[in-house]
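Work out the full structure: start from the sequences and follow the hints.
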Amino acid sequence: MSERAALSRAFLERAGWGGAARGFLAGDASDRSYDRLTNSAGTAVLMDAPPGRGDDPAAFVAIAAHLRGLGLSAPEVLAADLPNGFLLLEDLGDALFARLLPDPVAEPMLYAVATDVLVHLQGAPAPAGLPDLSAQDWAEAAGFAPDWYAFAATGQRPDRARFTALLAEAMVRHADGPRVLILRDYHAENLLWLPEREGLARVGLLDFQLAQMGQPGYDLVSLLQDARRDVPGDIERNMMLRFAAATGAGEASFKAAYAVLGAQRALRILGVFARLCLVAGKPGYVTLIPRVWDQLWRNLRHPTLAALAEECRTLLPEPRPALLERIRGQCGRMR
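For the sequence shown, position 268 (counting from the first letter as 1) is numbered 257 according to my numbering, and the numbering increases by one without interruption.
Worth flagging that the hints you see were computed from the coordinates, not collected in a lab.
Please note that a few of the clues may not be correct.
With a cut-off of at most 20 Å between alpha-carbon atoms, the simulated EDC-like pairs for lysine to aspartate or glutamate come out as follows [said to hold, decoys possible]:
| hint | residue 1 | residue 2 |
| --- | --- | --- |
| 1 | Lys271 | Glu178 |
| 2 | Lys244 | Asp136 |
| 3 | Lys271 | Asp44 |
| 4 | Lys271 | Asp136 |
| 5 | Lys244 | Asp165 |
| 6 | Lys271 | Glu314 |
| 7 | Lys244 | Asp283 |
Below, the structure written as structure tokens:
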């Protein structure tokens, strides 16, 4: 038995779940993993987040408490071993939005209530002490596109000084107002449908440990420009209008902010997916790159991003099949 397995077994013994049956539930782009536990009392979920790998389970505990205090459905933390990176969590089930979609009846309703959760969340004061990045920081984060996607595609890391300056300028003009709490990975793979609950509590929330202060439209972009699935255009437009009306944002100004945030997010994700292949040996993310590319260019068509669009044409090659195969062929070479 590995040292980590022994630590998790000892944690479960202390928590009263030592005799539970245990089965793998999920993993993701990080080093976290989740197991479902089953015993005579029911089920629970073990989160295994190895220390020093980027995600702090203490942050999950704090944000979960905040969300539950707002009447939202974050998992209850049943037990914790923070030094070793283990949490025992309430099991919210398997009804991920991603598994319920597409459904022409359910889809508009699910996106509407998920949008309303964001309005409610952002209308409440955020916890103190969360990271709050500047417009320049957000622009630098999008540098993953030239640093990793362009590098994986061409073998060269282009000079991105003008790229960063143009994106930072757009962020300052359109997406640099008062900050709100954002969950960052707010999309169909991290949302659960809990029909036995009422109101906004029907949306179960997962993967929010990296929550920080950010722009009001960021999580809406995450929800509606999903790297893993296509959201119908009419639903995206309707949810943008629903959110803008509920938050008092002007339609034209919100559309500009939405485009800027969408471009920033898509650029970062392009680089993240390429890096996950080259460094982490995870080629499956390369398959998602064309959808993110299409989302990027839908955002870059907004007139306020014309100069950035021209710079992206210069720096970033289109992900044609041969280029994607080139990236896959380098999978894991930088481990």
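Checked hints:
no.	hint	result
1	Lys271 x Glu178	holds (18 Å)
2	Lys244 x Asp136	violated (28 Å)
3	Lys271 x Asp44	holds (19 Å)
4	Lys271 x Asp136	holds (18 Å)
5	Lys244 x Asp165	holds (14 Å)
6	Lys271 x Glu314	holds (13 Å)
7	Lys244 x Asp283	holds (18 Å)
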